[in-house]
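**Student:** So the chains spell out like this:
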Amino acid sequence: MQFALLIFEPPAAFAARTADENDSYLGAWRAYHKAIVEAGIFVGGSPLQPPETGTTVRLKDGKRRVQDGPFADTKEQLGGFTILELPSLDAALEWAARCPAASIGAVEVRAVSPEYMRRVTG
Amino acid sequence: MSGSEQENTHRAIERVARESYGRLVAYLSANTHDVGSAEDALSDALIAALGSWPRDGVPQNPEAWLLTAARRSFIDLVRHRQVAEASEPTLALLREESKDMTLSPEFPDERLKLLFVCAHPAIDPAMHTPLMLQSVLGLDAARIAHAFLISPTTMGQRLVRAKTKIRDSGIQFEIPQERELPERLDAVLEAIYAAFGIGWDDMAGVDQSGRELAEEAIWLARVLLHLMPREAEVHGLLALMLHCEARRAARRGLDGRYVPLSEQDCEKWSLPLIEEAERHLGDAASRGRLGRFQLEAAIQSVHAERARGSGIQWSAIMMFYEQLMRISPTLGTRTGYAAAVAEAKGAEAGLAALDGIEADDVSISAAAYQPYWAVRAHLLQRLGKTTEALEAFDRAIGLTEDPAVRQFLLQRRG
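Quick mapping for you: the protein sequence lines, in order, are chains A and B.
Using this note's numbering, read the first sequence as starting at 13 and increasing by one per residue.
Using this note's numbering, read the second sequence as starting at 772 and increasing by one per residue.
The following block holds chain A by itself, in its conformation from the complex (with noise of 0.2 Å):
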């Protein structure tokens, strides 16, 4: 099965990211990154541009509204999003447990939905 694994940072987050190589929460992402690839169970992701460089769009009766940032204005924003091969929601919940984002933000875990993706795809 597959899940993503939504993560959520504080702003704090994004500003380190621009921190020099010994900053501590780009080690930590390191060495997680490296866990789940020596795991096999990595199958996709990236981390995502700050919050404030979204664009979001929507088509209110017929015409196109777009505004500056992101989706929802909430403390805490998606940085990025990792796809895990997994067997279980349990095993995923222990990976998310150790994503570095978990202790400073939040990890949400969805599986990925193949039915409704075969639908789509037709």
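Incorrect hints may have been included.
If the Cβ cut is set under 7 Å, some of the chain A residues that face chain B in the computed set are [claimed, not checked]:
hint, residue
1, Ser36
2, Gly39
3, Ala40
4, Ala43
5, Tyr44
6, Ala47
7, Ala51
8, Ala109
9, Arg110
10, Ser115
Read the hints as simulated data drawn from the structure, not as lab findings.
The beta-carbon is built from N, C-alpha and C at its ideal position, and this holds for glycine as well.
Model the placement of chain B on the given structure of chain A, informed by the hints.
**Tutor:** Just chain B now, kept in the frame of chain A:
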């Protein structure tokens, strides 16, 4: 009634609930095997107590009051479910028992049977500890779920499923026969220790729930010891947990920094807890039946010697690990052994022992076992194998959940 009186009553209810919960659930379910209904009935009774005790005062025998109320509610619950055929004997049994109850407020302590039921081989081993925490200690599913890193809904469903199995599969509420006792008792001890371990790992210095869970586990071990005072391994388990508990204040620096055992300030260890642990270890030893928990407690006892100003006898620790590996050659034991070998005979020998783990048995994969990588990293670093050490540190850091430990490893990694 004044605010403080009301508070006193609430506290009285809390105390009775804590001390009597397991006894009442065990007693109500011993004959009916219906742990879920027993718990529901008891929570009804506790709610009733919250309503009437502040008004009428705390009854003379609060436990008997709760039992009477819970039993009434139990009968209603079972009747309400209208599973006529299956529950008719249950009802008859309860009616029969109600008569006795009016005569004597005393009732037998069936908690031991309940503990054996919770850790029954027919029940999924992963559910042994959650079942105990809920039915013997009265912890709610949400709290158990946090500790076990499972969603509260899922934990609730798994607990219900396990209790349904207890009710419907004919698992007996009984103390196991002599010949199966060691194995069955072991499952009970394992489940208690698992609760302690989770509480221990969870306690990132600030996490109150982790701390409480470790305390609950010690409480459970005390209950078990009270019920089986002659079992060496029960003493051993309690000794082990008390030794660990004694070091709680020393595990973190003032700034929340992780402090490894060898660097802990032993002035901060609790001497009374260490002494109590030693008493239980001595008691266990006098019974002449060595076991896993006694050996693990003995290892902690050697570490505790440092409080008396002596150095750590690594050769003694290594010897205890050797015995432990014969009884329970788990990944944890073998990693601990390798660490002890490194201290007693040098890093090279320790590393060889670690290599032996993977060479020996590919089925117990060390790949995702954090302590294995942490020990490996330290040993490689000590041997000056920098590149390999960095690799191992990364693996250990990536597998760490506790932010304080992660920080510690990141610093050691350099």
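**Student:** Does Ser36(A) pass the interface hint, meaning its C-beta sits closer than 7 Å to a C-beta of chain B?
**Tutor:** With a minimum Cβ separation of about 5 Å from chain B (threshold 7 Å), the hint on Ser36(A) holds.
**Student:** Hint validation: Ala47(A) versus chain B, beta carbon distance must be below 7 Å. Holds or violated?
**Tutor:** With Cβ-Cβ at 3 Å, under 7 Å, it holds.
**Student:** For the hint on Ala40(A), just tell me whether its beta-carbon gets within less than 7 Å of chain B.
**Tutor:** This interface hint holds because 6 Å falls under the 7 Å limit.
**Student:** Under 7 Å, Cβ to Cβ, is where Arg110(A) needs to be relative to chain B, so tell me if that hint holds or is violated.
**Tutor:** 5 Å, holds
**Student:** Can you verify the interface hint for Ala51(A): is its Cβ closer than 7 Å to any Cβ in chain B?
**Tutor:** The hint holds - Ala51(A) has a Cβ within 7 Å of chain B, the shortest such distance being about 6 Å.
**Student:** Would you settle whether the hint for Ala109(A) is holds or violated, based on the nearest Cβ-Cβ distance to chain B being less than 7 Å?
**Tutor:** Given a least distance of 5 Å, the restraint on Ala109(A) holds.
**Student:** Holds or violated: is there a CB of chain B closer than 7 Å to the CB of Tyr44(A)?
**Tutor:** Cβ of Tyr44(A) sits 4 Å from chain B, so the hint holds.
**Student:** Identify whether the interface hint at Ser115(A) stands, where standing means a beta carbon of chain B within less than 7 Å of its own.
**Tutor:** Hint holds; Ser115(A) Cβ to chain B Cβ min 4 Å, cut 7 Å.
**Student:** Just to be careful: measuring from the Cβ of Gly39(A) to every Cβ in chain B, is the smallest value less than 7 Å?
**Tutor:** 5 Å, holds
**Student:** So, as I understand it, the hint says Ala43(A) touches chain B; can you test that by seeing if any CB pair is closer than 7 Å?
**Tutor:** 3 Å, holds
When the structure is compared with the earlier hints, no violation turns up for any of them.
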